[in-house]
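Chemist: So the sequences go chain by chain: B and U.
All residue numbers for the first sequence refer to our numbering, where the first residue is 1423 and numbers rise by one.
All residue numbers for the second sequence refer to our numbering, where the first residue is 1423 and numbers rise by one.
Everything labelled a hint here was simulated from the structure, so no lab data went into it.
You may find that some hints are simply not true.
To be verified - Label-pair ranges, simulated between beta-carbon atoms:
1. B/1648 <-> U/1549: 44 to 52 Å
2. U/1429 <-> B/1666: 18 to 26 Å
3. U/1751 <-> B/1763: 40 to 48 Å
4. U/1428 <-> B/1696: 46 to 54 Å
5. B/1798 <-> U/1426: 19 to 27 Å
As the list claims (entries may be wrong) - Counterexamples of contact, computed for chain B against chain U with all Cβ distances above 12 Å:
6. 1459
7. 1628
8. 1643
9. 1647
10. 1700
11. 1738
12. 1784
Predicted model, so just to flag it, every value in this text is computed and none were measured.
Think of the CB as a built atom: it goes at the ideal place given N, C-alpha and C, for glycine as much as any other residue.
2 protein chains.
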Amino acid sequence: MSKPVSELVPSPRLLLGPGPSLVHPRVLRAMSTPLLGHLDPEFLTIMNEVQALLRTVFQTDNPFTIAVSGTGSAGMEAALVNLIEPGDTVIVGVNGVFGARMADIVGRAGGKAVKIEVPWGQIIDPHRLEDALKQAGSVKAVALVHAETSTGAHQPMEEIGPLCRRYGALLVADAVTSLAGVPVRVDAWGIDACYSGTQKCLSCPPGLAPLTLSPRALAVVKGRKTKVQSWYLDLSMIADYWAEGKRAYHHTAPISMIYALREALRIVVEEGLEARFDRHDRNSAALMAGLATLGCEPQAQAGHRLPTLNCVRVPAGVDEAIVRKTLLAEFGIEIGGGLGPLAGRVWRIGLMGESSRHEHVVTLLSTLEQIFGQHGWTKQSGAALTAALQAYATAT
Amino acid sequence: MSKPVSELVPSPRLLLGPGPSLVHPRVLRAMSTPLLGHLDPEFLTIMNEVQALLRTVFQTDNPFTIAVSGTGSAGMEAALVNLIEPGDTVIVGVNGVFGARMADIVGRAGGKAVKIEVPWGQIIDPHRLEDALKQAGSVKAVALVHAETSTGAHQPMEEIGPLCRRYGALLVADAVTSLAGVPVRVDAWGIDACYSGTQKCLSCPPGLAPLTLSPRALAVVKGRKTKVQSWYLDLSMIADYWAEGKRAYHHTAPISMIYALREALRIVVEEGLEARFDRHDRNSAALMAGLATLGCEPQAQAGHRLPTLNCVRVPAGVDEAIVRKTLLAEFGIEIGGGLGPLAGRVWRIGLMGESSRHEHVVTLLSTLEQIFGQHGWTKQSGAALTAALQAYATAT
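Okay, chain B solo, but in the shape it has when bound (with noise of 0.2 Å):
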């Protein structure tokens, strides 16, 4: 027998990292909510109200719009390893760890990775994809990355889907950190296949993936030659799950999640897409002000950032591992590292649903000119407060 494990007690925390983000009171209360089966009449119809609820975030009118029983990753193998069979040709765009791992997933579908390569934080250029679509053929999907998490770089989308189209080539779109903190317009960029998480910008515990076929990336699916590779992700299976009429038993959904989730979408759509993204917006603009004085650059290319998740460049001389974990053990407040190669060099700041508010970012921008001048690595105290503030003003 293992030694007594104590009552839960975690410490408070301010949630500024890449996820997950703060999650709202109300989302938490319904996640403690008595559960009904998962076969239970009361329950499918709450299985309708996500759907539509998620449509409505997507921005989509497509029947297959589920939450996926896993995290933001399980929704990326999902949306692959459903539509490639082996020996197709994939086009994904690497600018960061997540694109990495769409082309891993990609061959361990025993498909073929056809990788377009820029540098960390850059977006992927259109014109560069169309050469990759000429020179590769038969192209079966181009995957992309839309909010890239481990470098803030936010990808243009508008001109994508038409290019894709021409091509005859289904669009895969990650929209992990961007759903419901900036627009991802799903039917109007014409993206086949859209997945996110829970914990980012919709403020929902990790846990579930929401994920949206168009008609068209349905009929692949339905449409294999070969069997899905995954049982637990087959979405041909799982779509008479969440189909209407059908209800077939797959596997037990992750009831309280769902709980929770329909609840955040209910958050979301109360306050309203716009505003929301706006939100986003003013927030990350204050915040960026307010850094720009400690010195901190942006990452992602010019024009191109997130304002959902803020990467920055650690300026020369500062210790980046005792900022993150004096701002951990004294105050609360988690702040992302970097990973792979921009490990050591960047911090990530999300601004993400709940976490996106005025009061977080005058919280962290005081604690960090705290911070930043007990150790002297700062010389106008209260400038980058004053900045913030100032981007504030002027947002209204």
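Following the hints, complete the assembly by docking chain U onto the known chain B.
Modeler: Just chain U, lined up with the frame of chain B:
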């Protein structure tokens, strides 16, 4: 914009189906705790605690003991696809839905599934297994369902581990409906990969799959020649996230579900495994005594009935769908129907975790008597309850 979705107010349910089972209020409360980040040092301590508690419940010292970020079926898939490489032979016992699912997954992983098929409700005889091992030549693994949720059959496991070792095969066991309800002695029985779900005898919401691998199973995973087909369920990478001192980012853990599982496991350990198994036995014996008076005979082979999942044949002349519908709609009680060839022919009554309580047994039996009486399907009112109370009296 979709039409407004109202407040979440599901009807109260007494969950006596094949899962989810009732969730203890302490678990619901733990789940509503504000989140830590998934790489927060405090969360890493919580992961260690969950691992230690899972080892107690699995009765194992396996260092690799984790919770997979998906429901029980994700645990099944993780166990199988990480051990199997293309061309491997796996002997699968098929005596219900979940054995058939295992065989399906083996095939998707490029393995050859040699099925031992027996009628639903029967167990897999060790002699037949030995014959299959002799005939099949080199066998990578034997996969058996310890607790078949579709039939209520309770597979004896004591002899299987040594048998598998004699033939150089790994033993994979599905303990979804047994873990923490009946003994699952991973080390004593020589099980190499054992997985479960949270929503059964652990009385936690669905969303995680406890999984443990023996050192020799882990060596097989680490010595693979080919990449695991699933990135999301690649246990060599997931091992680096759960390993103390490493904690390499793989995917974002479902934090709130980990909180819930931790609390559910604490409750199991507080009660004590043997006391918990006794409770499951006692309540099942009382239920079955009562059901016998209503003409409901067990589906599972004599001597091999699960106390956690009570699968009984619907008596001749009784409309099974009306009974389930009335229970749910008028009394808020969920029981399960049959799957596959047993659809319409059996009821599956789960007495798992918090659902396995004296008060739920008497509530269900008296309600069934009432419904049977209304339809003229029973002669002697009160007999079921009397028989159950006698069984309780005999047991104490």
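Chemist: When the hints from earlier in the document are held up against this structure, which numbers fail?
Modeler: 1, 3, 4, 5, 6, 7
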